[in-house]
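A.B. asks: Model the placement of chain W on the given structure of chain U, informed by the hints.
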Amino acid sequence: DGGITQSPKYLFRKEGQNVTLSCEQNLNHDAMYWYRQDPGQGLRLIYYSQIVNDFQKGDIAEGYSVSREKKESFPLTVTSAQKNPTAFYLCASRNRGQVYGYTFGSGTRLTVV
Amino acid sequence: RKEVEQDPGPFNVPEGATVAFNCTYSNSASQSFFWYRQDCRKEPKLLMSVYSSGNEDGRFTAQLNRASQYISLLIRDSKLSDSATYLCVVKALLRGGSEKLVFGKGTKLTVNP
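First to last, the protein sequences are chains U and W. The numbering of the first sequence is our numbering, which starts it at 131 and goes up by one. The numbering of the second sequence is our numbering, which starts it at 6 and goes up by one.
Here chain W stands alone, though its shape is the one from the complex:
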């Protein structure tokens, strides 16, 4: 089982639509979770962290279900500018006390006029 798995997509939606992305992770000891956005041929950028209680940032809502090891991202009232690839990311511990980010393959979203 891959460490982080996402919906393969792609998602094509009209402007104003609500779209949801799902993600599962395999390491039950994981403590930190994130959604990143990556535009074509650019570096990934942090969209939002995901907290156990769920959190919202404007049109974006992230949810975490630790029991199911499941993370979601909901985008409401989607805009053309939301078109990008969305990466589910989990923080993993490494030996020596360091850590790394483990990335899902990403789900490409295209919002159409």
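Looking at chain U on its own, in the form it has when it is part of the complex:
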């Protein structure tokens, strides 16, 4: 079945480390997104990509970086510049041909230790 795979499910990071969260989709979707969710909060957009080799900052991009070298993959790196990285990270992709067309991954829960 087609879908989005995020890994790992749980990730622990030490202060000052960079970590990379994986997001892979086999839906042939062009657009991909990274959202962050904090407890009691809605999802906030970090980065998005409409096509391969192109990506744009969302609302809270500081301390994060992404790449889009392949259509299927949109990894997110949480850098040491991100001061409060502990959160639930969700990746989504979208079929541009449909009114709705969004699919979400099951998320990665990142904790700084």
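Since the hints were derived computationally from the structure, they do not count as laboratory data. Mixed in with the good hints, there may be bad ones.
Below 20 Å or equal to it, Euclidean Cα-Cα: the simulated SDA-like pairs (lysine to any residue) are [stated by the list, open to error]:
#1 U:K139 x U:Q186
#2 W:K50 x U:L157
#3 W:K96 x U:G188
#4 W:K7 x W:L85
#5 W:K47 x U:T135
#6 W:K50 x U:Q186
#7 U:K200 x U:G132
#8 U:K144 x U:T233
#9 U:K187 x W:D12
#10 W:K50 x U:K187
#11 W:K47 x U:S137
#12 U:K139 x W:K50
#13 U:K201 x U:G132
#14 U:K139 x W:K47
#15 W:K7 x U:L157
#16 W:K7 x W:S73
#17 W:K47 x U:K201
#18 U:K187 x U:E199
#19 W:K113 x U:R174
#20 U:K201 x U:N158
#21 U:K201 x U:Q186
#22 W:K47 x U:N158
#23 W:K47 x U:L141
#24 W:K47 x U:K144
The structure displayed is predicted, hence computed values, not measured ones.
C.D. replies: Below, chain W without anything else, positioned relative to chain U:
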């Protein structure tokens, strides 16, 4: 003003009760609206789209008032399995022709036996 605002909740109701969630959005140009359901520590899942004429899916009814920029969700005959956080979501356009989903903070519902 936040882009999407919801009742803060939480709502605690007995089984069989009718419960209503309200949401307002700030961008009058918004065209697409949704209700999502999110279970604890899981990704959000689309519950239903919201159409101008109002729409119903079983026990769930969604309404949209464009003049007031107001969205609602009504759950009738609530079940234990309806316990979750309900997210009001609005689609927003981004530069370059892309789009994103803007999420409210969510309203937590607990249905009690």
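A.B. asks: Which hint numbers doesn't this structure obey?
C.D. replies: 1, 4, 6, 8, 9, 10, 15, 17, 22 and 24
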